[in-house]
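Q: Taken in order, these protein sequences are the chains called U and L.
When you line the first sequence up against this note's numbering, it's residues 2 to 498, in that order.
When you line the second sequence up against this note's numbering, it's residues 902 to 1224, in that order.
Think of the hints as simulated: they come from the structure by calculation, not from any bench.
Hints should not be assumed to be uniformly reliable.
Sample of chain L residues facing chain U (criterion: CB under 10 Å; computed from the structure) [to be verified]:
1. P909
2. V911
3. F1044
4. K1046
5. I1087
6. T1092
7. S1103
8. A1107
9. L1110
10. S1111
11. G1112
12. N1114
13. S1166
14. V1209
15. V1211
16. R1221
Derived CB-CB ranges, DEER-like [unchecked claim]:
17. Q191(U) / P909(L): 42 to 50 Å
18. G391(U) / I1028(L): 53 to 61 Å
19. D227(U) / Y1214(L): 50 to 58 Å
20. K318(U) / R1222(L): 45 to 53 Å
21. E77(U) / V1080(L): 27 to 35 Å
22. V924(L) / G105(U): 51 to 59 Å
In this text the structure is predicted, and so the values were computed from the model without any measurement.
Virtual Cβ for every residue (Gly too), placed ideally from N, Cα, C.
Listed below are the residues making up each chain.
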Amino acid sequence: MGDVILTMKDIDKSFPGVHALDHVNFEVKRGEVHALMGENGAGKSTLMKVLTGIYTKDSGSITFEGKEVEFHNTREAQDAGIVIVHQELNMLGHLTVAQNIFIGREFKKGIRIDDKKMNEEAAKLFEKLHIDIDPAETMSNLTVGKQQMCEIAKAISHEAKVIIFDEPSAALTEAEIEELFKIIRDLRQQQLGIVYISHRMDEIKVITDRVTVMRDGGYVGTLITDECTKDDIINMMVGRVIYEDPKTESAVPKDAPVVLKVEHLNAGKMVQDVSFELRKGEILGFSGLMGAGRTETARAIFGADPKTSGDIYIDGKKVEINNPQDAVKCGIGYLSEDRKRFGIVVQKSVAENSTMASMENFVKGLFINKSKENKVAQEYVDSLATKTPGVDQLVVNLSGGNQQKVVIAKWLIRNCDILIFDEPTRGIDVGAKNEIYKLMNRLAEEGKSIIMISSEMTEILRMSDRIIVMCEGRKTGEIDISEASQEIIMNMATREI
Amino acid sequence: MEKIKQNPIVKKIGINRIVLCGVLVLMYAIFSMLSDKFVGVQRIMSALNYAYFLGFLSLGVTFVIATGGIDFSIGPVMFCSALISGYCLTSYGVPLAASLLISVLVGFLFGVFNGYFVAYWTVPPFIISMASMNIAKGLASVFTKTQSVSWPQSADANGWYRSFVKAGNFPVGLVILLVFAVICSIVLNQTKAGRYILSLGSNKEAVRLSGVNVKKWEMLAYIICGILVGIAAIFYVAAYTTVQPGYGDTYNNEAIAGCVMGGTSMAGGLASISGTIIGVFIIALLQEGILALGFSKDYQLIITGIIVIVAVYADVVTRRRKN
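Could you put together the complete structure from these sequences and hints?
A: So, in structure tokens, the structure goes:
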């Protein structure tokens, strides 16, 4: 590690009603990977937005390369050498890799764009980073992992001195993460300062040198990664100990009735001949790599996307599910991986979202019985411990974990017995995650049957009674929790690759 | 400013609507100062005549915009309704009451047409309503053989329908419009239909995945709009009696302007019936004021155009700030 390249001191920022940053300190050295951790809403993103000029700080100082600076927009920060690689990729799919990297500052030959030169420059960049990508390839043909590497290359091409990675691994496979780490280590070697934001504890241990933890907009402390344990970091983040042991055996009796049976389900390329059974009170984990076809299977069962063939039986009876209406009538609820797009209606209140799937129970004559609606919504806010000022609060104002609870409440109020949870804890902080886990266990004990799709191995091993593994649209394994291990599952998930 | 915004009464009515009411009063004051012709009952009654049919158009399109859609056919469909029903009345001897029903029916059918293609065929509302705008104009011209239609005068045997607008100097139309506004507000805010219409305007896919038949409810919004457009036609002829084929598009802009000015978001999911009504009064007063000051109708077109841009921009800005 070299000298300090960036110091943020006593940064304070308030929004109406919220003290978002309370005298936060943060520094990055040359040749260091510095993790920035904290629950959702702890202020990590706000701090980075202050740094890159998206927000203006109320007080405090930012020193970059020995000079006090203040950026007014990301462009200024970029020009100075501070670049963010966002969680959501900002790439234009129809352009080539090189065109994306040099967008806004294209090389020109007269008035024509000089694609040849851009390809050459991009190739040089990739060589420097040891990345194997063809600059002339169309962006949309690349995997998410490769696209992210292009994003990194783009950052480097701005002569970056500090690079901020905002949850870079969220959409990557294990292999892609390895490759990402290789690049990050390379950048560290080249004496860049790197800020690494992530919820994944394992990665923090592997890749970072120091960890700064934030909580509720405040600075908690900075640790040297090698000298602390996972539990130390988590304790600083939440102020409580979290148990994270895997389940050792199934809680479901062997003779529990089968509530859902799927036979030879086919839907496009991503769902090929999938068959399985779900028992009453069971949490059935669906494991696999990104793009294994798990979400597509869930959507086909739920009728969200058309299926080409296959039979579905509920409680032993064959049912026709052609659209989500049919599925909901059969007692199936689907919690999407992307709750903003598929789960919640942001401009509606907690109560209105909660009753979305069961309106008919809340209609008296022509009118909606709002007092009943509010009462029932309040019951579920209480029983799920949803943090909201009231049931009339718009869900857009809730944090990710609490929005998720509202979607769960929607299906519980509909009294669904089969719940499909697709990545139920994605983008949710550690504390809220734990609450969702407890809730799922409680629901299973109460006799609900749950299909849980998850890309996090620890989550699969901790929650499932039984695990189904998929790979490239096919079911490649089925295993009881008592026999499951990370290695066995990974082996099944990569069987055909 | 923050303090005022937090005041419970202000919060309940909405700062937007309070400002709009202020604008309305201010406009009246300015027009009265600039033109001595502007003061008096006559002008107000004339502005109200304009507000009635425009009000029904605007109420209708509020439902469509709430779903995140748009309807550019409302003006021409209103004329088509008035022409077909009027022609039935004057040339085929259809009784007046039946003719009025025909007017509503024509609006209803266009609503079904637009709604069906938008909801079930997922044709963009912009395209389908442009198409039905032309169909409405053409159909009316064919039906009336390109003749204008004159509905009966007050003194005629069949003139009673004109008292929908006013009886003596009492503004009956205002009462009817406000009653319909209250009904629309109840439908939008207190019924399942309204809940689903607003919700699907905000996030259609989330509502679909909740097991709701979104196509049905989206189509319903267009049908409600169509019916209100049919009623608007009645109030148009009750105020002006004569209708010419081939017109009506300028009212699209004015109705949409009233709607978005009142706080209904073009992006869908947010709608305010009371806002729409105030917005309509502002447009009606504006048109009356411009005429009283001796300018041509062309200036009104320019001003409503600008109003739409400003209102939509304001909506975009507030949305951005919230994110």
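Q: Hint validation: F1044(L) versus chain U, beta carbon distance must be below 10 Å. Holds or violated?
A: violated, 36 Å
Q: Assuming the hint says 45 to 53 Å, is it satisfied by the Cβ distance from K318(U) to R1222(L) or not?
A: holds, 52 Å
Q: If you take the shortest Cβ to Cβ gap from G1112(L) to chain U, is it below 10 Å?
A: For G1112(L), the interface hint holds, since the closest Cβ of chain U sits about 3 Å away, which is under 10 Å.
Q: Can the hint on R1221(L) be confirmed by a CB-to-CB distance to chain U that is less than 10 Å?
A: violated, 13 Å
Q: Please check whether A1107(L) passes as an interface residue: C-beta within 10 Å of a C-beta belonging to chain U.
A: Result: holds, 5 Å to nearest chain U Cβ.
Q: Given V1211(L) as an interface hint, is its Cβ closer than 10 Å to any Cβ of chain U?
A: violated, 22 Å
Q: Mind checking the hinted window 27 to 35 Å against the Cβ distance between E77(U) and V1080(L)?
A: violated, 57 Å
Q: With a cut-off of 10 Å on the beta carbons, see whether S1111(L) makes it to chain U.
A: holds, 4 Å
Q: Classify the hint on V911(L) as holds or violated, based on whether any CB of chain U lies nearer than 10 Å to its CB.
A: violated, 16 Å
Q: Could you check if P909(L) really has its C-beta closer than 10 Å to a C-beta on chain U?
A: Hint on P909(L): violated, closest Cβ of chain U at ~14 Å, above 10 Å.
Q: Is the hint on V1209(L) kept, meaning its closest Cβ partner in chain U is under 10 Å away?
A: Check failed: Cβ of V1209(L) comes no nearer than 22 Å to chain U, outside 10 Å.
Q: Does the Cβ distance between Q191(U) and P909(L) fall inside 42 to 50 Å?
A: Check failed, 59 Å falls outside 42 to 50 Å.
Hint compliance for this structure: hints 1, 2, 3, 4, 14, 15, 16, 17, 18, 21 and 22 are broken, all remaining hints hold.
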